[in-house]
Amino acid sequence: MSLVIKNGHLIEPRAGLSEPMDVLVERGRVRSLGKHLDGDEVLDARGCIVCPGLVDLHVHFREPGYETKETIETGSRAAAWGGFTSVVTMPNTAPAIDNAGMVEFTYRRAREVACIKVLPAACATKGREGREMTEMAELKAVGAVAVTDDGSDIASSWVMRRVLEYGAMCGLKYLAHCEDASLSEDGVMNEGYHSTRLGLPGRPKAMEEIMIDRNIRLAELARAPIHIQHVTTAGGIEIIRRAKDRGLPVTCETAPHYWMLTDDAVSGFGTNAKMNPPLREAVDVEAIRAALADGTIDCIATDHAPHTITEKDVEFQIAPFGIVGLETALALTITGLVEPGILSIERAVELLTSAPAGILDLKAGEIRDGGKADITVFDPAAEWIVDPAKFQSMSRNTPFAGYTLRGRVRATLCDGVLVHNEIGGDA
Amino acid sequence: MADTAPIAWTRKDLIGIEPLSRPEIELILDTAPQFVAVSARVSGIRKVPLLQGRLVVNWFYEPSTRTRTSFELAAKRLSADTLSISASTSSLVKGESLHDTLANIEAMRSDVIVIRHKYAGSAQILATRHESHIINAGDGRHEHPTQALLDALTMRDKIRERRGDATASLDGVRVAIIGDISHSRVARSNVWCLTKLGARVTLCGPSTLMPPEIGRMGVDVTTDLGEAIADADVIYALRIQLERQQRCLFPSLREYIRMFRIDRESIKVAPEHAFIMHPGPINRDIELSAELADGKRSVILEQVTNGVAVRMAIMHLLVNSGVEN
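Line by line, the protein sequences are chains A and B. Here the first sequence is numbered in the numbering used here, starting from 1 and rising by one per residue. Here the second sequence is numbered in the numbering used here, starting from 428 and rising by one per residue.
The set of hints was computed from the structure by calculation and includes no laboratory data. Every residue gets a Cβ at the ideal spot worked out from N, C-alpha and C, and that includes glycine.
Just some of the chain B residues that point at chain A, by a computed CB distance under 10 Å: (1) E445; (2) H544; (3) Y546; (4) A547; (5) G548; (6) Q551; (7) I552; (8) D566; (9) R568; (10) H569; (11) S609; (12) H610; (13) R615; (14) P638.
Sequences and hints are given; from them, build the entire structure.
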């Protein structure tokens, strides 16, 4: 049985392709790329872009421990719907993914229930407590793709240095959530005019920037690579830009809400505008957009952070941080960056595929002869209205409900299997 | 009953001063004096039947004596039934959500909900979801609109008295607000209220207790008390909380007093006509000397008297202006 994706426009960032081309898929792999290909089944991609399955370096699937928010099964369905075929799950579950058994658990659950590739990142310190490092050689051996204490930073510079050194030895990159927690007392939004106006405790930009700077310096000291998660401020971008100029192996990501929204969105006290790091100001949004265009920001990640309606439907100050993102990321990239001319569609695809895959050396983010058939087909012009009730995710916590967005995923193939399909069968 | 109101009241709730227009604020201020008169009746029958048969629920998640008493009296003088729920008796301790608690109160048919809560935005999120008229009696550091309105009424009364002009407004009146601006909902609501009414507001306090970019709310900011009050018509002292010292926001009350207390010495630079206000409760001799608090320039008890009238005016406007609840 073979499947041919016909009449689409192929964008393959690694090969530098952007042209009309068919893709023939057989037994889970790409058989050939070319014009006028035939197969047993046809997926008509007329008007659509065909690209590698999207890759997200930052999702929270909540399993084990918080299965009322999301599971590996529902999270992977949300991913497939959003065009993602590989996601890196954060280890701040309960219990945390801080030993080989927990990494194996994640892979086992993924084999049992996931329709896409779920790649666990493991904790860098036991219990995410920032004190003793995890057994990283063994974590690497059982397939952890990175280490991170995401959700918080490692407060001790001593511990962070050793984690970076040891992780580099084991071939595990550190994904750094940069935050000097001591600089805020129960802060819940960006510190600035709007936090003053709304009477909400603030989280100053310096909280993030101080630790971006510290963590890069420690990585340099440790001769280790480092990946900075969810960059949100102009100042943070500047620090990263300088580090890159000096040739340091630093990469970073940002998430769609950081180029779509400012802290003004907190007016009204809607808790779907509450995430960490928080929404910043217009000057930061501008810097994020520019940094995506000039390459200072290496990739787009969602920080998909599901929470139940009950958890979010409370006073702003006591609501949990985070929003879901997998099902809106591509459309927010097209609507917020491609449509206004900030990014070409090719660059946008790169930021969601080969670029994140390259950061962690994942076998993903490309379409090549003989390679795994992880492929996304999307209509860049299709408009749709975000309706959280229709999400595949178990959670509904998005600030984009009711937004009209452009760009809709029509089909997602993972290992040649159609894990999401709005096009229908034979054309 | 409302006299020559320029506009009609159209809001279901009173959540904050920020969204109000100047005519709306003036409508409240102009509605209040008749209720001052009700409370001052020589007959001793300090009651009108405007909210007869209505239920006003005082729902206080934070301890409060003054505001709570004032609201309760206001409701009673409008002939409403009143019910009080406090944090210790409420189901918050049992883990019930704010929305669920209010839904249960509403199931018993409430008309007005007066809520005081330690978290900013509580009143607003309730107002958008529930049918009762919500009055914000203080939400975190966000707003305390009835305090600002009673303060504005008191200031306007005093300015009118001083100028012998019964129609004088607060346009151009200079108000200095002194103290912990950061943690103060009173300061925020007063800034909105006074600037909308045309007053010129200067905020003064330790740099550590001044929230970022507050100048964008249309006020002057200084850390120099003398500068703040040098041309003030009104000196408004805020309560300073000793706990802030443990959080490294100021070194000691001693030093706070040295720099920011309103007392016989520090007030020398202010105009003689400047009067003194405070939202209470006062830390005597800390932010304000006892001598000045009790002196002729103090209008602190008039604030309290006006508080009942302003709250009566608000409840009356919310319930009787024909806005469906």
